[in-house]
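J.: Each chain, written out:
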Amino acid sequence: MNSSARRGAGSRRRRSWRGWAGLAGALVALAAPGQAAEPRRVAIQLTVSLISNQPGEIDPRGSKLHDKLKGQIRYKSLRVIRAERVELRRNEVFSLALPDASAFLVRPLDFGDDGVLMAVEVEDVLKMDLRARNGHVVVIRAGSFEDGSLVIGLEPQY
Amino acid sequence: MRREPLTQPGEVEMDSKLQAYYDGELSRLGRWWIERRLAASAELRRELAALTRLSELVRESEAPVEDPDLWPAIAGQVSREAPGGGPIRAVGDAGSPRFPWLAPLLRPAGALAVAAAAALALVRGDAWWGGEVRPERSGGVVRWIDSGSRSVLVFEDEAGGGATLVWVLDSEPQSGRPDPQGAG
Numbered sequence: 005m006n007s008s009a010r011r012g013a014g015s016r017r018r019r020s021w022r023g024w025a026g027l028a029g030a031l032v033a034l035a036a037p038g039q040a041a042e043p044r045r046v047a048i049q050l051t052v053s054l055i056s057n058q059p060g061e062i063d064p065r066g067s068k069l070h071d072k073l074k075g076q077i078r079y080k081s082l083r084v085i086r087a088e089r090v091e092l093r094r095n096e097v098f099s100l101a102l103p104d105a106s107a108f109l110v111r112p113l114d115f116g117d118d119g120v121l122m123a124v125e126v127e128d129v130l131k132m133d134l135r136a137r138n139g140h141v142v143v144i145r146a147g148s149f150e151d152g153s154l155v156i157g158l159e160p161q162y
Numbered sequence: 277m278r279r280e281p282l283t284q285p286g287e288v289e290m291d292s293k294l295q296a297y298y299d300g301e302l303s304r305l306g307r308w309w310i311e312r313r314l315a316a317s318a319e320l321r322r323e324l325a326a327l328t329r330l331s332e333l334v335r336e337s338e339a340p341v342e343d344p345d346l347w348p349a350i351a352g353q354v355s356r357e358a359p360g361g362g363p364i365r366a367v368g369d370a371g372s373p374r375f376p377w378l379a380p381l382l383r384p385a386g387a388l389a390v391a392a393a394a395a396l397a398l399v400r401g402d403a404w405w406g407g408e409v410r411p412e413r414s415g416g417v418v419r420w421i422d423s424g425s426r427s428v429l430v431f432e433d434e435a436g437g438g439a440t441l442v443w444v445l446d447s448e449p450q451s452g453r454p455d456p457q458g459a460g
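Residue numbers (the numbering used here), protein chains in the order written: chain A, 5 to 162; chain B, 277 to 460.
FYI, nobody ran anything at the bench for these hints, they're computed from the structure. Source: prediction; values computed, not measured. By construction, the Cβ of each residue, glycine as well, lies at the ideal position given by its N, Cα and C atoms. Treat the hints with caution; some may be incorrect.
Unchecked claim - Restraint ranges, calculated between C-beta atoms of paired labels, are given here:
(1) B:L320 with A:L100: 43 to 53 Å
(2) B:L314 with A:E61: 32 to 42 Å
(3) A:K80 with B:R322: 36 to 46 Å
(4) B:A326 with A:P64: 27 to 37 Å
(5) B:L314 with A:K74: 48 to 58 Å
(6) A:A105 with B:L314: 13 to 23 Å
(7) A:N138 with B:D299: 11 to 21 Å
(8) B:R322 with A:S99: 19 to 29 Å
(9) A:E91 with B:D446: 30 to 40 Å
(10) A:D128 with B:L333: 22 to 32 Å
(11) B:L305 with A:R86: 35 to 45 Å
(12) B:R312 with A:D104: 19 to 29 Å
(13) A:K74 with B:L305: 32 to 42 Å
(14) B:R322 with A:K74: 43 to 53 Å
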């Protein structure tokens with residue numbers, strides 16, 4: 005076999021290999037169509053805290069909440085009970101048990117240029133729809149607890 | 277009672293694909309894949325129809341409506357309650373000073389927009405005990421709120437990163453003077 009014949013055979017093998025690779029790629033794409041574009045998610049930072057008029061310290065984990073509250077609400081101590089960052093898809097419900105045995109639920113409804121529309125519920129206390137931009141902190145007083153007030157901080161991060 | 281997520285793990289994957297299909301986020305192959313399943317499954321078609329209705333409801337709830345503008349009638353009243361003198365606008369449920377002990381809650385704050393709205397309450401002549409309230413829609417954070425028999429103050433601070441305080445008052449005012457501090 006001369007050299008040009010060998011080159012021809014090699015070229016055919018390469019074309020054949022490319023064909024199989026293309027077919028395999030198409031099959032993989034068909035098998036996992038959702039991976040072409042991941043559904044959008046939004047991260048929400050949740051902070052459950054107790055603010056009280058009893059003298060005490062400001063929990064460093066609640067410093068951002070404290071920055072938002074200190075000029076508006078009077079209290080002498082702030083204790084973070086739970087802090088959690090969750091990532092949610094549209095219409096996905098996240099529930100968080102509150103220390104007073106009720107529950108806090110949040111569900112993103114819509115992502116838009118003007119923020120994330122969320123349905124929020126503090127069980128047996130209130131339900132509301134909020135639209136908040138990235139970094140906007142929403143603080144909800146969920147009621148009295150122990151010697152102070154239970155407050156929930158909610159901040160979309162995207 | 278805790279509420280569980282509304283879907284099971286196996287359903288979540290299909291739901292998210294259906295959502296992505298509805299949002300136009302899928303590739304051509306992904307659309308083809310979903311459309312094949314839509315053609316074969318009446319249940320999936322019903323889910324897509326429900327998704328469409330839900331999105332339409334969200335859009336309708338966000339659409340501007342011609343509510344009577346009650347704010348001019350109450351602006352003067354509320355500004356007396358906001359010693360900071362900052363921008364004031366109505367976004368939530370609150371109202372006339374039926375509980376003067378609440379005034380200390382509202383500390384002077386230059387950029388604080390005191391959201392002491394009372395549209396519904398003023399119409400009824402009952403400034404505080406309102407259940408469901410549809411606040412002003414133009415750009416506010418709180419779009420809808422239902423607190424049952426509880427009163428809620430909504431403060432919006434547009435300074436810095438921005439913050440919104442939704443302050444639910446305890447359902448029954450205690451006898452005598454309630455603690456005005458906000459923390460108890």
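J.: If you test the structure against every hint from before, which numbers come out violated?
T.: 1, 2, 3, 4, 6, 12, 13
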